Each structure stands twice: as structure tokens, then as C-alpha cells.
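Engineer: Heads up: the sequence lines are chains A, B and C, in that order. Sequential numbering of the first sequence, starting at 108, is according to my numbering. Sequential numbering of the second sequence, starting at 4, is according to my numbering. Sequential numbering of the third sequence, starting at 208, is according to my numbering.
In short, the hints are calculated from the structure, not lab data. It is possible that part of the hints are untrue.
[Unchecked claim] Sample of chain C residues facing chain A (criterion: CB under 7 angstroms; computed from the structure):
1. L260
2. Y482
3. E484
[To be verified] Within a straight-line C-alpha distance of at most 25 angstroms, the following computed SDA-like cross-link-like pairs (lysine to any residue) qualify:
4. A/K469 / A/L129
5. C/K273 / A/E118
6. B/K225 / C/T264
7. A/K306 / C/A340
8. A/K109 / C/Y399
9. C/K277 / A/Q320
10. C/K337 / A/R473
11. A/K306 / C/H444
12. A/K469 / C/V276
13. A/K306 / C/T264
14. B/K225 / C/K277
15. C/K277 / A/T386
16. B/K144 / C/A340
17. C/K337 / A/T386
18. C/K334 / B/K225
19. C/K442 / B/T47
20. B/K72 / B/K113
[Said to hold, decoys possible] FRET-style restraints, in silico, Cβ to Cβ:
21. A/L129 / B/N11: 16 to 22 angstroms
22. C/T264 / B/N11: 57 to 63 angstroms
23. A/L129 / B/E183: 50 to 56 angstroms
24. C/Q317 / A/K450: 53 to 59 angstroms
25. C/L224 / B/A29: 28 to 34 angstroms
Please read all numbers here as calculations on a predicted model, not as lab measurements. For glycine and all other residues, C-beta sits at the position ideal for the given N, C-alpha and C.
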Amino acid sequence: MKRFSGFVKKEIYHILRDTRTLVILLGIPIVQVLLFGFAITNEINEAKIAILDHSKDEVTRALTQRLLATDYFLLEENLQSQADIARIFQAGQVKEVIVFESGFAGKLQKEQQAHIQLILDATDPNTATTLQNYTAAIVMDFQQELNQQQALPASITTRSRMYYNPELKSVFFFVPGIITIILMLLSAMMTSISITREKELGTMEVLLASPMQPAQIILGKVTPYILLSLLNALIILALSYYVFQVPVKGNLALLIGESVLFIITALSLGILISTVASTQQVALMASLFALMLPTILLSGFIFPIENMPEILQWISHVIPARYFITIVRGMMLKGAGLDILWKESLILVGFTCLFILISVKKFKIRLE
Amino acid sequence: MKPPIEVNSLTRRFGSFVAVDNISFAVERGEIFGFLGANGAGKTTAIRMLCGLLAPSAGRAYVAGYDVKKQADQVKRHIGYMSQRFSLYQDLTVRENIHFYGGIYGLSPKALQAKTTQMLEELDLESSSHTLIRDLPLGWKQKLAFSVAILHDPQIVFLDEPTGGVDPITRRQFWDLIYEAAHRGVTVFVTTHYMDEAEYCDRVSIMVDGRIEALDTPAALKKAYGAGSMDEVFVQLARPAGKTAK
Amino acid sequence: MNPAIQISGLSKHYGELQALQSVDLSIAPGELFGLIGPDGAGKTSLIRILATLLLPTEGTASVLGKDVVKHYRFIRRNMGYMPGRFSLYYDLSVEENISLFATIFGTTLQENYELVREIYSQIEPFKDRKAGALSGGMKQKLALSCALIHRPKVLFLDEPTTGVDAVSRREFWGMLQNLKAHGITILVSTPYMDEAGLCDRIALIQKGNILAVDSPGGIVSQFERPLYAVRAADKYHLLKSLRSYPYAHSAFSFGDSIHYTDQRGAFAPESLLTYLEGQGVKDAQIEPIQAGVEDCFMALMQRHETSH
């Protein structure tokens, strides 16, 4: 055990002393999240909306005022009937229609509950989701203020409907993608490079000539990267939560647990690469081209898997990232738990075992 | 006529560390000049300055008549350089390497052809001209690297530990090449860790802590230090430097 | 007494290349044994096989009585190994490197301080310095300290003095002599022939073949022909003249003289001087000398090449 911890300590020194790489490692996720995040939020400024008020009472008027008082929305038209909605969306100017049900204030009084329907043009899913969230947030604010003045708490529920793109491939789906890519990049690339670096420097020769077991060497090298990758995952989650209000609907502890599982999958893939590659350059190339590109393109991060040609859909089955993206999306956006995602989790466990098995078989106890 | 190498108060600092400390010397045409010193004494820094690869902090040096600071390009054109670490491309053949270096120095195709034939013949490499460098024995590689370094008939050739690890017979064959080149008027500037090779030089300088502590013919140095071999001279001079390890 | 290292019929091939060709060698416990030969002779392959890092193609080898293939774990626990290239962590300090290797071997610096003291004390003042910032000689001392930290019974050193200046080389050999006093068996390889004299016994190796094994004195006494040192002011001219002498057997530069052997059994040095004078070398001097290891190596190399 002392042998192992001494080895881990040395590995941590390597990481901490290579400040340039460390800055890049921790900087990449932040820059990526901000880039993706702001590329979207910038669009939400004076978005044109329409309002269909079936109630026209003091509460709906106050709420409408509140919505329009922000910079986000600009009222294009007050609609008179449900039939106008299709017309105004087809015209293409209006991105969102807010529908208040009839007897809004009365229902709030008597039943402590009233409904607002949000209908969104989801041709641009990013904008649609953001608009929806902004509207929902403002309504929530309004409701809280309302409740402070009343004895009984009332709730205004918003229900959304997406036009044109009901499945909503939204920007929030990018965050799980980014987490996946970054964990893959860091874990696989950094482990494979740090192991091949020892081969190149000749220090692996000295380690092999010592009583260290292959498993000890590998575990010792990998442990610090689990922590580093986890730190990265947390940074991305925190950024997306606090800066871009991406929700985490599922259990946070489970999400972190799943992240650790995926980190280990990626690390074991990195180890596998390092057993084949003899130089850092080869390891880098292998991680970048054999791993990164398929991960980005075939995992469903950018392109929906169901739209791919059948052969690519088949290939996507052997891409671990695919399953992790499904897990993260399910947990963050839909609040899914293990009861739904057990299959994906199990597949990741399977991949990990496979990679480790091959790595242990291929790891050389000698120089050839 | 200016000597091929003329160095006046050459100094190079890295921050507060003085790697080369005010050295001065001159090397004559056709001379084999041994440039010795312990690891870290400043040899490599000095050679880099003389080859126009590193600007001096102070002082002047003229190589082939050109100022190494202001006319680095001219210096590079008129010198040959060979080091133990890098000389030939391992994944090119003998002939391809010769042509590549000939091309760099702007030899005409006709001259290059004649040179190649002559060189392969001299080195007894005709049958191996299409062999990859990495498949050649080390000794042959080093001999070829030297011939390539003087392909463009430079006035001066710098050799940085050219014979490290080479077998004793090939090492002497290598020195035969050096002698021949010097005989033709090429000035040879060489570093080595083999002290018996120091004796092959016309004159030898010994660097200690950035300064040239001794410079003379091997015979005169041995006499001055009352030593039987250059090895003893070297140890006497460099020992204090080795003790105050840096 | 059982040998510390026993090698029989050992061959190593890399595809077409035959790095070692049926090598036999036996090294006694406590011996300081030198493996002498140029780059590419097979020194590194031999040492790596003994250090359990390579598998032999043919033949067997044992270290401390254990087979290098089957009992590699035992050997790795009981050997010290210093590869040809400086193989420590550049970004770790001297002290961190030492304690890393100590923990890897399940020991501490304090436990074995007495063994490494002489070497480590020289670099201890710089213990906070990064290994990458050390000078060549100090790196070498650090690497040796790390290889000794677990008190090995046998020590493999692959070209520890290559690229190291003459002063540091002397110091290094001094350290090896002291280690020998602790009863450690040491196998050291080097391309420098002048280091041969510092070993108890040496093997001359070239192109995968052992040319000779003996004590340095034994090796030089095997030199077959009378050897002469010839000196003249113009060495280049002298060398050319000697080589063109019809009776010359060999003429090689050696320091300030040229070592000469003659083909004839009865050779009168005066006849050579007369010849040289005819060639224009007026100031030649000739004297009989004792052959060195390098003379023997070259003679054996030439004989080996002509017989193959």
C-alpha cells in the first residue's frame, strides 16, 4: 500500500509541475462550456412573442407586463383565437406564443392553481429551449411574489409545446455532450500519454526492472487522473448549472457516480492505447483520431443517431460515449434514474472490463 | 588573410549564469583543433555561438571571415557541422541523404553527381548506396556523416563528439578521414571524450567553468603539467571543476 | 562457489539482426566484471536479458542461481539496474527521486544510508534540485544511488560512463571499487577501452560475439606479436608511410604515437627506420611497448573478421 501511495504521489507531482498542461486541462472544459453556452444565449434578446389571453384579468395583465418588462421579449401581437397560432408561426417572426387559460385569476384564487401554455417554434431548438426556460423562470418569480401576499400558496404551472421539432434536440443536450467529450479527451489521452512518456524517457524500463507489478504501475498512474477528470466533470456541471441554468433533474450523487464509471471506462481505453503505442506522438494520434472524432461524430453528441445511415448506427454501438451521453441526458434533463438507465450503465461496465482485460493481457512485463 | 576561426572575448550569459566567460583564441587553416572540457564546462554553448546558432552576449567571433552575430547566415553557408546525436536521416537511403544535403547547400546536379560517386567510392559504400541509414553499422554512419558534412567544401568543419561509441578500428578510420580533410586545408574543430583522441589534434584547448584554462599542442601541455598523457592533463585541470559540482 | 551470473549458449535475434550469438559467460560473486565493446556489439541486449527485461531467443541465463525467464520476480527484487540512458524523473527533485525508488522497493533511504552514503552525500547538498537540472556527473550519481537503494546483491550498469567527461568517469569507477567492497557483484558495460583495466575480469564483445574473457592482464598477455610505438613530428605522413610498408601487419594511431606490428617473425626495428627515412620521415623513433586492451581488441576484431 505504501508502495502504491508513493507512486501516486509521484504521479501527482508530475501533473502539478507541468503547469502549462494543467492549465490547458482545466481550461479546456471552461472554454468549451462558455463557447457553447454563449453562442446560444446571445441570440435571446428581444425575441418576438405573441400572447393569447383567454382570461384578460388583473393577474394575466400583470404577468404579461412582467414578461415584457425584460429585454428578452417583444410583443408582436395579441392573438384572439387558437387558430391564429399556426398562422403567426408560419409567418416566421414570432418564436413563442404564451396562452393563458380562461378564468386565470379566479382559478388561482379558488383552486390555488392556474395553467399557462407555452408554444414554441422549435426549428431552432436552442432558442426555443432558452425562451421556454426564461419564460418559465419569470413566471416562477411572479408566482413567488404573488404567494407572499396571499394566505394560501398558489401555483402557476407552465406547459410547453414545441412546434416543428417536438423531440427538441436542444442546446441543453450539448452539455452532456461536452462532459462526455472532455472526460474522454482527458482520461484516455492523458493516461495514454503519461504512460508512453515513461516509455520514451526510459523510466518505464526502470519501473519494469523493479518489483512493481504491472497492475500497480497502471493503477498508480491512473488514480490521479480519475480525480482530475472528476474535478473537470464537476467544473462543467457547476458552470452549466450556475451560468446557463442547465438543470440537473436526476440524482446528483448518481450522476457523479456514473461520471466516475465513464472516467474509468475512458482511462482503461487510454491504458489500452498505451499498451500498443510506444511513443507519446502515436498515443496522441491514436487518442485524437481513433477516439475523439468518432466520439464527437458518432455518439449522438452533434448528429442524432437515428438520422444516421444504418451502418454508422451500427458502429455507434461500440462507442462508449454514446451510452454515457444517453445517461447524462436522461439524468440531467429528464430526471431519469438507474431504473431506466441500468442498461447503459451495464454496457459501460462491460466496456471497462473488456478494456482492462485486454490491457492486462497486452501489458508487457518486459521490453518486448 | 584572417584565420578561419578568430574569437575575441566571447561571452554568453543565461540569466545570471555565465556559460562562456570571455574566451579568446584563433585556429589556423588546416589545423585540427581539439576543444575539450568537462560536461557543463560550456563547450556546447561555445560551439553553438561559433556556428551562428546562438548570439553571443558580449565579445566577437569571426568564422570563415564572417561575424557570427551579424552574419550568421554567411557563417552557416561556409561551415560543415556534424554531431553524434543528429547527422543523417535514418529513414532515407545513403544516396538520398547525400542528395538532400547537397541540395541544401546549393550544389549543381552535375557537381552533386560527381561528388556522390567519389564519396561512395572513397567510403567503400557503392554497394550500399540504396541502403537506409538506420540499417548501416554505426561506424559507417559516422564516416558518411562526416563526408556529408564536408560535401560543400566548407573551410571549417565542426565535429561534436563524432566518435562516441564507435569501435576502435572504425574510430581510427574516422580519424584518417579527419587527417585527410585537414591535409586538404579544411580546418577541423572537434570535441571528444576520448583522451587519446586529444593527442591526435594539432592543438588542444581545455575549458573549465566557461573559461579556457589551457591551450597548446598536446606535447607542450603534457610538459607544462608534468603529465604522461592528455588524460592526466585533463584530470588535473578539470578536477577542481568536478568538485564544485554545478 | 556458485557463480552469481551464469550464461550458456545465449542468443538474441531481432528479426534478421543477430544481436547476440551463442554467448557463454560465468561471473563469480563479488566480481567487478566489465563488458567491453563498441555500440551495437550486443552489450545492452545481454544486460537487458540478465535484468529480465528481454527474453533470450536461445540459450539460458541465471542470476543469483535463478533463471532469468522463470524467476524474473526474484531477480527484480534482488538486482540493481541502471539503463544506458538517464532514466529518472526530470521533474522530481533529487530527494523525491530517491524516496520514490525507496518506496517502490519497500525500503527507506535511512535504512540503507550506509551503502549509498559515499555516493549520495555528494549530491545531498542539491537534494531539492530537480533531477533535470543536474550536471551529467551528478545525474549519474543520483541514478546509481537509486539503483542501490534496496541493497541489491547484483548490480547491472549499462554504459554508465558514456558521454561523461574523463574526470567524472574516474570518480565513477572509484565508487564502483568501493561498492565491490560491500560484496556486490557488478556487471558494467562500456565502450571505453581504457576503463577495462579497472575491472577484475573483462569480456571483449563485438557484433554479438565474445572475443575474449580474462583479467585485463590476461587479455594483454595474449597479444601475439611484438608491438612497437613509432613517433614522428608529422604523424599523418608517418601513418601513410607505415601503412604502405610491405611488411606492415597493422598500424594504428594511439595517442601521440602509432602502434605498429610487423608480419615477420624476426623484425629488426632499424630496417623500418631506414625505410621511413627513404619515405621522407627523418625524425622517426621506435620503441617496443606492452600492448593494451585496445590493441588486443583491434587484433581480435581483425582476426574474427577474417575468419568469418
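Engineer: Please go over all the hints and tell whether each is borne out by the structure.
Structural biologist: Here is how each hint holds up against the structure:
no.	hint	in the structure
1	L260	holds (5 angstroms)
2	Y482	violated (53 angstroms)
3	E484	violated (56 angstroms)
4	A/K469 / A/L129	violated (29 angstroms)
5	C/K273 / A/E118	violated (33 angstroms)
6	B/K225 / C/T264	violated (50 angstroms)
7	A/K306 / C/A340	holds (21 angstroms)
8	A/K109 / C/Y399	violated (41 angstroms)
9	C/K277 / A/Q320	holds (15 angstroms)
10	C/K337 / A/R473	violated (28 angstroms)
11	A/K306 / C/H444	violated (50 angstroms)
12	A/K469 / C/V276	holds (18 angstroms)
13	A/K306 / C/T264	holds (23 angstroms)
14	B/K225 / C/K277	violated (54 angstroms)
15	C/K277 / A/T386	violated (29 angstroms)
16	B/K144 / C/A340	violated (31 angstroms)
17	C/K337 / A/T386	holds (24 angstroms)
18	C/K334 / B/K225	violated (38 angstroms)
19	C/K442 / B/T47	violated (29 angstroms)
20	B/K72 / B/K113	violated (34 angstroms)
21	A/L129 / B/N11: 16 to 22 angstroms	violated (46 angstroms)
22	C/T264 / B/N11: 57 to 63 angstroms	holds (59 angstroms)
23	A/L129 / B/E183: 50 to 56 angstroms	holds (55 angstroms)
24	C/Q317 / A/K450: 53 to 59 angstroms	holds (55 angstroms)
25	C/L224 / B/A29: 28 to 34 angstroms	violated (47 angstroms)
Hint check: violations occur at hints 2, 3, 4, 5, 6, 8, 10, 11, 14, 15, 16, 18, 19, 20, 21, 25; the rest are consistent with the structure.
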